[in-house]
Amino acid sequence: MKKAAYQSSRVHWHMGQALLPEHFYAQEKSLREEVALLSRLSPVPSWGLGTLELDGFQLQKGILSVQEMSLVMPSGTIIDIPGNTAPATLNLNATGASVAPVYVHLESGYEVVALGAGDAGEEGIERIVQKIELSSNATSETAAQSFKLALFECGPDGVWSLRADYLPPLVCVGRSAPLFEEQRRRMRAIARALRQTLLDEVEQNHLAGDSQSAAKQALRGVFAFVELLDDIEQGIAPHPYGVFRALRALYADVCVFRGIDPAELGPRYKHEELAECLEVLLKELEEQAQIGRQSVPYVAFTQKEGMLECALGPEVKRARDVFLLIKKPQVSTRLDLGGVKLASPTRLHTTYERALKGIPFTRIDSPPFHHGFSSNVEFFAISPGQEWDYAIREGKVVLFDAPQLAGSRLYLYWRSE
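Under UniProt numbering, the residue at position 220 of the sequence shown is numbered 220, and the numbers go up by one with no gaps.
Calculated directly from the structure, the hints in this document are not laboratory data. No experiment lies behind these values; they were computed from the predicted model shown. Even glycine gets a Cβ: it sits at the ideal position worked out from N, Cα and C. Any given hint could be a false lead.
No farther apart than 25 Å at their CA atoms in a straight line, the calculated lysine-lysine pairs in the DSS-like style are these [what the hints assert, rightly or not]:
(1) Lys317 x Lys283
(2) Lys304 x Lys317
(3) Lys357 x Lys327
(4) Lys328 x Lys396
(5) Lys357 x Lys328
(6) Lys327 x Lys283
(7) Lys396 x Lys304
(8) Lys2 x Lys61
(9) Lys328 x Lys216
(10) Lys327 x Lys317
(11) Lys216 x Lys304
(12) Lys317 x Lys396
Simulated DEER-style distance windows between Cβ atoms [as the list claims (entries may be wrong)]:
(13) Asn93 x Leu37: 42 to 52 Å
(14) Glu182 x Pro367: 40 to 50 Å
(15) His12 x Met73: 29 to 39 Å
Throw the hints in and build the complete structure from the sequences for me.
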């Protein structure tokens, strides 16, 4: 839109000036243009629904009664019920449809209202009150501007309710109840599910350093997102782009954690298609939140009475290859496993008494397969044989908690392919 010269210039007032209505109209126009200019210069769209209060009891019966509403039209015109606009009502049953969109039509005409005699200081002052029409029709012959407010649906029981699959452009989130409530409920559920999945990963997957790092990063994103939702519930009303951006950042963290290429992060923010662009991210996150933590093919040794023991489950017994993994306290730590022997519980003392080797295990500097374990994890291949067969039958492998293992954690890792 091309700018007009002096459109936002203030009126020059001076002593002895004859006051005409045109002076005040010009002053009001310049102030409106200044506010509109500030709105256009905003880094995010600054028009849309701000606040909305509906009569929930009347709505169930199909009577839409808007008693309070703050709405900024795309042109910058403000509809403030009851501040500068009269309340409006619409009978949804009269539309004859089970799903009814509702539009706000700002009429070109207006009413002139005189304040009562009890209003001290303003007696005799007349005010212009805008008029709106609520309609299920998208256009109106008498409307200067129109805005799609919401979508309502009548259930089989005849009860009307707000549909969550449409959101109007919003100035802020949290003050337009009951709009955005369903999206906020889903965001809470996603955050709870992701939090539990990521906590399980951090607590249980000790060996995979990259996976733990990605899980912690994603967990930090979940905590930040929950704080945003908490702020909204405490009355802080962010711009919807702020919520969209936080949701998209959470999705990126989850993609990194899951090993998914986050190059395509869904739609870009669209102020006039708010529900649609949020829905893409919500569906993706709900799908990821439902995916449980993948079981890792290893089990930790536990300490008991000066010994380290590890139960051999069915997966280990069926495995093609089994490895002893030792996670050192530091990458630079050198392990000297001389004198350390693996055996079944009934064979451990015998291996020492008779100077037997026990279950053979051999250090592997470069495992011939891809893995995501930390660099401070060393691999030892377990060789099958008679001693391993003893351990399989007894369902457990043990070793003494030797001094050279202090600060280290031991695991059995298996491969079935």
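Looking back at the hints listed earlier, which ones does the structure fail to meet?
1, 6, 8 and 11
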